[in-house]
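So the sequence lines, in the order shown, correspond to chains A and B.
Sequential numbering from 1245 applies to the first sequence in this note's numbering.
Sequential numbering from 25 applies to the second sequence in this note's numbering.
Derived lysine-lysine pairs resembling DSS-like cross-links, with alpha carbons at most 27 Å apart:
# : chain 1 : residue 1 : chain 2 : residue 2
1 : B       : 26        : A       : 1329
2 : B       : 268       : A       : 1278
3 : A       : 1470      : A       : 1327
4 : B       : 268       : A       : 1288
5 : B       : 190       : A       : 1268
6 : A       : 1440      : B       : 26
7 : B       : 190       : A       : 1278
8 : B       : 26        : A       : 1369
Label-pair distances were calculated between CB atoms; the ranges are:
#  : chain 1 : residue 1 : chain 2 : residue 2 : range
9  : A       : 1273      : B       : 46        : 39 to 47 Å
10 : B       : 277       : A       : 1477      : 31 to 39 Å
11 : B       : 271       : A       : 1266      : 18 to 26 Å
12 : B       : 271       : A       : 1373      : 36 to 44 Å
13 : A       : 1387      : B       : 271       : 34 to 42 Å
14 : B       : 74        : A       : 1278      : 54 to 62 Å
15 : A       : 1331      : B       : 277       : 23 to 31 Å
16 : A       : 1256      : B       : 157       : 52 to 60 Å
Which stretches of chain B does chain A cover? Using the computed rule of at least three CB atoms under 8 Å from a CB of chain A, they are:
#  : stretch
17 : 30 to 38
18 : 107 to 113
19 : 183 to 195
Since the hints were made in silico from the structure, they are not lab data.
Note that the structure is predicted; figures quoted are calculated from it, not measured.
The beta carbon of each residue, even a glycine, is placed where N, CA and C say it ideally should be.
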Amino acid sequence: MATIEITNVSLTYRVLKNKTGSLKELFRDVLHRKVRVQNYVALKDVSFTVDSGEVIAIIGKNGAGKSTLLKILAQVLPPTTGKAKVSGSIAPMIELGAGFHSEMTGAENVLFYSTLMGRDMNRTKSRTQAIGEWAGVSDHMDFPLRTFSSGMVARLAFAAATDETADVLLIDEVLSVGDADFQLKSSARMAELISKGAAVVLVSHDMTAVRKLAQKAIWLENGVVKMSGPTEQVVAAYEKQ
Amino acid sequence: MKHLQLIRLLVGRELTLRYKRSVIGIGWTLLNPMLTSFVLWVVFSFVFAGKLPDGQQYAPYLMAGIVLNSFFNQGLMISAESIASNSGVLTKIYVPPQIFPISVALAGLVNFFIGLIPLAIVVYISGQSLALTFPLVIIVGFFLALLVAGLGLSLSLLFIRFDDTKNIVGVTLLILTYLTPVFYPISVLSDRMQNIVKLNPLTSYLDCFRWAFSNNSVATLNDWLYMGATGIFAILFGTYMFRKFWPRTVAML
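For reference, chain B alone in the conformation it holds in the complex (with noise of 0.2 Å):
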């Protein structure tokens, strides 16, 4: 498909670009995520660290939630804006804009591995060792790029449409967050929250990522399934919706 080498200039383009003029480059990729866990680290450590149950270490703890949880925020905005900043070039070439959006929730997916090493190096500085599961990764990755896709090629549509859906969509995302375990062990919660926050789709992809990759949660089957249905239900969803709106939305660019 002649397609794929768009993807791959696409991806490419979208790893780099953040960091052109940094001297260190893609290596931010790397860092980002440490110096940001690091902060967390040092605020919340007291309060949380020995709220975890036996075994599990706060530091990888916090981390793999800011990696997972910045995967999805960062990509859902980007790719929800793809098609917005590249109308320039959707209103005189002809190329499948579905593309934009897909390209940065692999993007995504690129950064979220590379992520992963930091993550290691945390897990092993906290006397962790790898669980022998964290193969399993790569499909918790592979959905979460499923979900950005989805959702991103839905918001798209209204981007273009409503000026004030980036506003609406930033305080959702924030809101999101905090019903997501990124930085707290769900057991601080009362009953109730705890509910609330178990609804949350993320919940269930992160406790599988964190199960996976060192041991610092627990996974049920049901997060897994709710992870996977979650996934294929935004991109079917969100192809539909594209390619049902898009001819509508395309002349208002």
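Extracted from the complex, chain A is given alone in its bound form (with noise of 0.2 Å):
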């Protein structure tokens, strides 16, 4: 059984056509009639596997629903029709730093990070230490976030994201952070987790770094899987258009 097996998933979002942002306006239109919903399809009947171990890439141009997609597999957005089976606790490497709050500090962000991402707030709190100094702000976790410069924000982020591995990642274009020098850190991190057996999803516009990672490439279009196959055969064909 695969790790995650994602069956006809298709995803239609339903969008009021005038627009209604207001109760006031929706109450207004209702009385005319004028209310008609139009459904946008963001992603139409994909499917495929990923093995724990495998790597998989997900590769389109913007808007043809690969963040779609990867809500999809976090688990944060049900699929409209199809199923999206994931097993396993999911590591979700999307936009570093969700629930960062500037008013905590360091360390207490860390900790409700981790915890957010589902793990255990004990064996983080024994963590907190070696994460901020791997990330190089260890004199700056007991400030207040607001203190910290973006970088200094953004390498916490991703020293604590990627602390502890899980039994699915989902990358979406955070193969590295930083400088030069904590680039070069991290992306060795990353290919590290990467390579720990986890099944991983990734979503990319670096066509280098897919060819390196990945075994497996899904070209999306439009919300629909136009090509899907080796990364490098996708990817050529993805080039070449």
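Taking the hints as your guide, dock the two standalone chains into a single complex.
If you want it as structure tokens, here you go:
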């Protein structure tokens, strides 16, 4: 049994046509019978599987449905039809630092973020100092996050997110962060995490990284799988068009 | 349950963040109800103090009203906003979204219990003493937390969908505050108004609270039943609505 099984997944957003943002407007439009619902298809009939230890890349232009697919994999968004089965713990590395608060200290943020990701609070507590050190901000861990530079925040978020691995890694363009030195360090750590045997789904526009890391690739266009197969073939076809 | 750890962190965050930059920090939780009550006491004690039945004191009567009312008003507003304000997290990491409004209600409950300390002080200053029934206040707090969480859960969906819900709820809460005997004794109202005010479940919560804490009101069995029923109904309704409409709402975040 594969770790990730996506079967005939479709996702349709229901959008009210007149874009009513308020109850008042909706009420008015209902009275005038002007409410029309429009369906916007973000994903249509997508199927694939990912085994443990396998890295699959999802490529495609902006708006092709990559982020929507990642949200479905992260179990954040339920598919309209079809099944998205993901077994084991999920580490969503999507926009690192979600939930960081500028008034909380570095250590508090690391603890909160890790707990959000489903990790054990007590274990994170004992890891906080090490995480700060790895990110190069160990002197600042007891100060509010607003005193951090944006680079420091990014490094801390990366260090916290990658401190533990999971059965499923969902990676959205966060293969490396920070300045040149830290980029080397972080991409090495990412490669290490990926090679640890998790099922990995990687969304990236960086074709060099995709070629290097992924065995399979899926090319999405307008919510439909245009091509899937071995990375080399799919990327070559994608780059040619 | 591993979500308990997250709830613990969220409650702590809710309690400390509001006063993070202030000097006395969480001390404001103690000071706030006292200051608000003092201002209202200065304004209203001339009008209403003599209208209370014998043995009841206006200062603790008023302050009990403020403490309970701000638990409900603030708790409801923040808990209804909590889903929208945490959308950044909810669209990226899977956590049961209900955790956010529920944590806000729990933080409100903790605040409520902290507020009992200055209230007790005011009770003694006015020459009263705590009633033997005062542990029953825990039950009042528990049902009010259920009410806040339940209404917060249902409203949070509307808050995401419609921008103006917040204003509508704000005005409704203001009306509701005046329809609760927070700073006036219910006896000053006409019979017809009294019946309307008694329909408001918060009146029952407040009567139970004042009676249990220091005998500053009369609470009938009906008040207790009305309180329990509305609290339980609210949480059941809220969780049901949330489960039903969340899949559609999350796509709008």
